[in-house]
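Peer 1: Heads up: the sequence shown is residues 5 to 165, going by my numbering.
Any given hint might turn out to be false.
[Unchecked claim] Under the rule of at most 20 Å between Cα atoms (straight-line distance), these lysine to any residue pairs were calculated in the SDA-like manner:
| id | residue 1 | residue 2 |
| --- | --- | --- |
| 1 | K86 | R20 |
| 2 | K86 | W148 |
| 3 | K43 | W68 |
| 4 | K43 | L112 |
| 5 | K86 | L142 |
| 6 | K86 | L119 |
| 7 | K86 | N144 |
| 8 | K43 | I27 |
| 9 | K43 | G57 |
| 10 | K43 | L32 |
| 11 | K86 | F54 |
| 12 | K86 | G108 |
| 13 | K86 | W68 |
| 14 | K43 | G108 |
| 15 | K86 | R158 |
| 16 | K86 | A76 |
| 17 | K86 | G44 |
[Said to hold, decoys possible] Per label pair, the in silico range of CB-to-CB distance:
| id | residue 1 | residue 2 | range |
| --- | --- | --- | --- |
| 18 | A74 | V16 | 21 to 29 Å |
| 19 | V16 | P48 | 26 to 34 Å |
| 20 | R158 | I59 | 17 to 25 Å |
| 21 | L38 | L112 | 19 to 27 Å |
| 22 | G44 | A74 | 30 to 38 Å |
| 23 | L105 | A74 | 33 to 41 Å |
| 24 | I135 | A47 | 39 to 47 Å |
Since the hints were derived computationally from the structure, they do not count as laboratory data.
Just so you know, these numbers come straight off a predicted model, no measurement behind them.
For glycine and all other residues, C-beta sits at the position ideal for the given N, C-alpha and C.
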Amino acid sequence: MERESSPSRWAVNPRRALALLRITLGLLLLSVFLENHQKGLYAPEAYAGFIQGLITRGAAPGFWQGALQAMADHAAIVAPLKAILEVSLGALLFLGLLTRLAAGTTFLLFSARWLSEWGTASVGELAFPMIVALLISLSNAGHWTGLDGVFARRRPTLTFG
5 MERESSPSRW AVNPRRALAL LRITLGLLLL SVFLENHQKG LYAPEAYAGF IQGLITRGAA
65 PGFWQGALQA MADHAAIVAP LKAILEVSLG ALLFLGLLTR LAAGTTFLLF SARWLSEWGT
125 ASVGELAFPM IVALLISLSN AGHWTGLDGV FARRRPTLTF G
């Protein structure tokens, strides 16, 4: 007679699943940074051109098109800040450090990108990373295999993401 395996034997630990999603989201952000850097998209002229393309091709709400225009006008400042933001968020999520803050900021970053690409891209392209970032920001995904857990165990009175 064949022995049936118990369902719990094959069940995924939710903490491990969240940690894997956190690490994957961090790697996604780091790969986006590297790809954009290789394409030269963090150069002010290229960044301004990219934003202008979103404005002309997209159907973002008027208030957001105004914000995009302001970003294009100040590309010399915004482009390097965006590069720093993407690489920092990717590293923080990968390491599991300040995880909730990093994931919440990533959710806002992807939401802004989704709004910017309104009418030009599939909603599904950004929906999954947005949902993952939101779930990670609401969990303690940095406590399992992350530096947040290391610091929380050393200083239990402090709250780490």
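Peer 1: Does each hint hold? Answer for all of them.
Peer 2: A quick look at each hint next to the structure:
no.	hint	result
1	K86 <-> R20	30 Å, violated
2	K86 <-> W148	28 Å, violated
3	K43 <-> W68	25 Å, violated
4	K43 <-> L112	24 Å, violated
5	K86 <-> L142	24 Å, violated
6	K86 <-> L119	16 Å, holds
7	K86 <-> N144	26 Å, violated
8	K43 <-> I27	24 Å, violated
9	K43 <-> G57	16 Å, holds
10	K43 <-> L32	16 Å, holds
11	K86 <-> F54	13 Å, holds
12	K86 <-> G108	16 Å, holds
13	K86 <-> W68	17 Å, holds
14	K43 <-> G108	27 Å, violated
15	K86 <-> R158	33 Å, violated
16	K86 <-> A76	12 Å, holds
17	K86 <-> G44	13 Å, holds
18	A74 <-> V16: 21 to 29 Å	44 Å, violated
19	V16 <-> P48: 26 to 34 Å	45 Å, violated
20	R158 <-> I59: 17 to 25 Å	48 Å, violated
21	L38 <-> L112: 19 to 27 Å	22 Å, holds
22	G44 <-> A74: 30 to 38 Å	22 Å, violated
23	L105 <-> A74: 33 to 41 Å	25 Å, violated
24	I135 <-> A47: 39 to 47 Å	32 Å, violated
Violated hints for the displayed structure, listed by number in ascending order: 1, 2, 3, 4, 5, 7, 8, 14, 15, 18, 19, 20, 22, 23, 24.
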